[in-house]
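With the sequences and hints as input, model every part of the structure.
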Amino acid sequence: MTITVADVTAANFNAFTQLGDQLGAQVGAMQERLEQGRRAVARLRAQWEGSGSDAATKAGTDRLADQRQVVTATQRVQSVLSDGGSRLVSAQNAVVQGVQRLEQQGWQVASDGTVSVRSGSVLERYAQLSPVVAMTLRQLSATGSLQLKQLLAQIEREDSDLAQTLKDAIKDLDNIKDAKQDKPDDGSAKNPDDKGDQPDHPEKPDSTPAGKDPVEIAKQYKGRWATDLMNNSDLPMQKGIDPTECCANFASAVLVKSGMLDPSEQTVSVNNLYNTLQSKGWQTVPAGQTPPPGAVAIFGAGHDQHVEFVESSTGGNITLIGSNNTGAGGSGPQHVSEESPWSSNITYLVPPSNTNSAKG
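Residue numbers (the working numbering): 1 to 360.
Hints were generated in silico from the structure; no laboratory data involved.
Watch out, some of these pointers could steer you wrong.
Pairs of lysine-lysine, DSS-like flavour, derived with a Cα cap of 27 Å [said to hold, decoys possible]:
(1) K222 - K167
(2) K222 - K239
(3) K58 - K280
See the structure below:
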């Protein structure tokens, strides 16, 4: 479909930006409901009573993950509508104002943007004065036609790009729908009143890592900026955090995705992450020993300055990976990158299963 001048004049592109504003206002409420759900799951886990509670906790966690995807998709849609709508409104104003100016000067504008001298206008009388004037008016009409047609083509591209970007913004939601539709019925569903065989004593939750390598997860996001990761990734990072101080937000989100932390334990505080890992039995690598890959490196005497992962430690040469500042002295926005340890005051933590893997 070719967009015409009449189409552009009649369009209400402001509706895109208005809808974007409305979605932006709703995101805050959605995030609050998500936080309430996270706290509810955390309380349920704290009141552990066995396999029934474990199943309920898992269901709640899965539901929170789905809701987090919905919130993230909504934020992307809001950004797309606001940005795309603003560009369309700007181009529309240029077309409308350009047409009005040309018509006031005595030009005629066709639906496809072609500009010509209007019959009976002052311009037509000028064109009859001399061949030079007629040639000048033809050149002006050609220039005006070119500019208008370029604007119409720009609006058509912007409209098409906006449609595709909106589809991309919500494509992750198809995974939620497909997962629910494609889940096989293995016959394991039970009557909720049938509690089955219950142990005499509630089982203690297993704190052993789920088996996914946090370093490999972190490497998947190498080069990505903190702001981009908060708004456009599947990492369970908290939104709206200062992009110059996002190291704990990134590290704890990676640990959540690896299964080493519960979603309720995700944090933006280095010190909180340190205390959480200690409470889960993570051990400090003794001084003089080389930390193994996957160890969490906590910077600062108060365990509150910075956090990264040990990516490799070959021959005593340690390489770290994490959300790092791009400016000198810990300034500038962060992105995921590799670096060597830049401080002598680093505490390396390893999970219980890796306590004996540090090398002397």
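Restraint status (C-alpha distance of K58 to K280 at most 27 Å): Since the Cα atoms of K58 and K280 sit roughly 19 Å apart, the hinted pair holds (cutoff 27 Å).
Restraint status (C-alpha distance of K222 to K239 at most 27 Å): 19 Å, holds
K222 paired with K167 [C-alpha distance capped at 27 Å]: 25 Å, holds
Going down the numbered hints, you'll see the structure goes against none, and every one checks out.
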